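Using the sequences provided together with the hints, build the complete structure.
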Amino acid sequence: MSAAAPEPASPAVERLRAWVAAAQFERAIEEGGALFRAAAAGGRWAEASDAALEAGRACSNLTASADAQRWLHEAAQAAQRAADPGRECMAWGRLASEHGRHDRLALALDALDEAQRGMAQLRDPAAVGSLLASTAATYYGLGLTSPALLAFERAVEHAQRAGDAGQAATLRANWLIVAHSHHRLLADADPAAAARLVPRMEAELLRLEQGLGTRDAPDAPRQHWRLAHLRGCVHLDAGRPAEAARVLEALLAEEPRFPAPLMAAIWLSLAQALRATGDAAGCRRAVAEAASAADAPGDVPRSYDLLRRSEIAELQGRTADALALYKQYHHRTRFVMLAAIETRLEGFLARLAEQEARVEVETLRAQNAGLAEGVQRLGVLATTDPLTGLLNRRGFEAEAARLGTQPGPTVLALFDLDHFKSVNDRHGHAVGDAVLRKTAECLAGVLRAPDCLARHGGEEFVLLLRTPEAADAAAILERMRASVHEHDWNAIAPGLAVTLSGGAVACRPGEALEAALQRADRLLYEAKHAGRNRVRIDLGRRAAP
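For the sequence shown, the residue numbers in the numbering used here are 34 to 578.
Misleading hints may appear alongside valid ones.
Computed Cβ-Cβ distance ranges for the label pairs, DEER-style [stated by the list, open to error]:
#	residue 1	residue 2	range
1	R60	P527	52 to 58 Å
2	T352	D458	36 to 42 Å
3	S43	P232	41 to 47 Å
4	E430	R555	17 to 23 Å
5	R114	R426	38 to 44 Å
6	E47	L95	17 to 23 Å
7	P180	E430	30 to 36 Å
8	R459	D554	24 to 30 Å
List of simulated lysine-lysine pairs, DSBU-like, C-alpha gap at most 30 Å [as the list claims (entries may be wrong)]:
#	residue 1	residue 2
9	K471	K454
10	K454	K561
11	K471	K561
For the record, the hints were derived by calculation from the structure and aren't laboratory data.
This one's a predicted model, so the numbers in the text were calculated from it and none came from an experiment.
Where a beta carbon is used, it is the ideal one built from N, C-alpha and C, also for glycine.
The following block contains the structure:
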């Protein structure tokens, strides 16, 4: 199925969607699971993806997050089998929303990345709109109201372009909910911006009222209740508390069947409106109802819950508690934004490091072309360290055995990066990998054709020098140490400094490689304890006893 012509949903899937819309979540999960298994067994992967997606939505509404994640992963995999980028993007977008609601920032951003990778293939406005809606829900769950508003606004445009009036109305209602939260944040921080937002909210409310007035939907009572709640919020934000109180009290008199989190929001808005009109007793009753509903089981984003509880505490006169909760909200929002930036930066650095590795591997292979002649590709992969492009331990042992059969003195050196664990702990493993690659490049740049350099494991490097004079060997080893010490590491991470320590010995005639390595390791140990950033050398040409 091409991106331009997505396969329509089957009647069975449409029934699932109706059950989810009617809050019959247990039935949707049971029937969705059965439909998924039957569709997958028959190779109907688009239908299987739709069924898994609806089962995931139902699980999410029941706060069964682990089950929701499992079904949404199934939906994405089935969409891949169907070669349907629209459905795949929708599944990943829903999964991002689920992670965002539960403070799983890195997983939410990863899921959004997966969704957006396939976005370029989408040609269906409805599919693009669905992805934008999921992105908006993810941002809202993380407390980022401004980008959530923008994403919902664009989602509405795509739903209208697709001719889906019902979806456009739902998205417009979601936009108003986020706009209400955003207005509350702006009211103190930027009153002028808050005032500019109100006319847009009133215009969107009018469009929503006009759109819903012409629909004959089975869930008309819930639409009416939701519209009344939004109307009360807009009156409140527009500075009309008496009208807001009238609308919200009339809504609550109808005993709407809403989940506890939404009831808490309605009671809280009413309490704020009554306080503004001077009805202290009514405000106390409403805020008590809001607090009770907020404590009831329900699934709300952590950022929203903190802000809501702060407002409840403030209305109850618990100023210290309100301030503490509000500080938690702002600290969390700041953390989310910084973590998002850091996650994106780490991803960029990792991709950059991968590209550097490709270039460096080709460079190092070209420098060691003489050693690689006649080796088949499989053999090269088996003896090459994939991170640095140097020989690995297996390749080094084979090369050492070959060099050991040739006449002339050989020097073996063992190098170890100083305080490498602190590099990983402070800067992350992507930076640590980049340091290892750049260290390999610095060391290899000093080598001559007959010499052999390898990554011995972790942050250790091992070297075999073919040199007749001890002074020459010592000079080469010092140049290698200096090449690492003097390199400008700020290009990898600001403030980064890297040094290494080493131990070097002259290989004795007939001496086993392991024995020479042990001697070099003892000297390396001495170099570490002598202050690091140095090479301990024992190049006495003694005969084997």
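Outcome of the hint check:
no.	hint	in the structure
1	R60 / P527: 52 to 58 Å	holds, 56 Å
2	T352 / D458: 36 to 42 Å	holds, 40 Å
3	S43 / P232: 41 to 47 Å	holds, 43 Å
4	E430 / R555: 17 to 23 Å	holds, 20 Å
5	R114 / R426: 38 to 44 Å	holds, 41 Å
6	E47 / L95: 17 to 23 Å	holds, 21 Å
7	P180 / E430: 30 to 36 Å	violated, 54 Å
8	R459 / D554: 24 to 30 Å	holds, 27 Å
9	K471 / K454	holds, 16 Å
10	K454 / K561	holds, 15 Å
11	K471 / K561	holds, 21 Å
Checked against the numbered hints given earlier, this structure breaks only hint 7.
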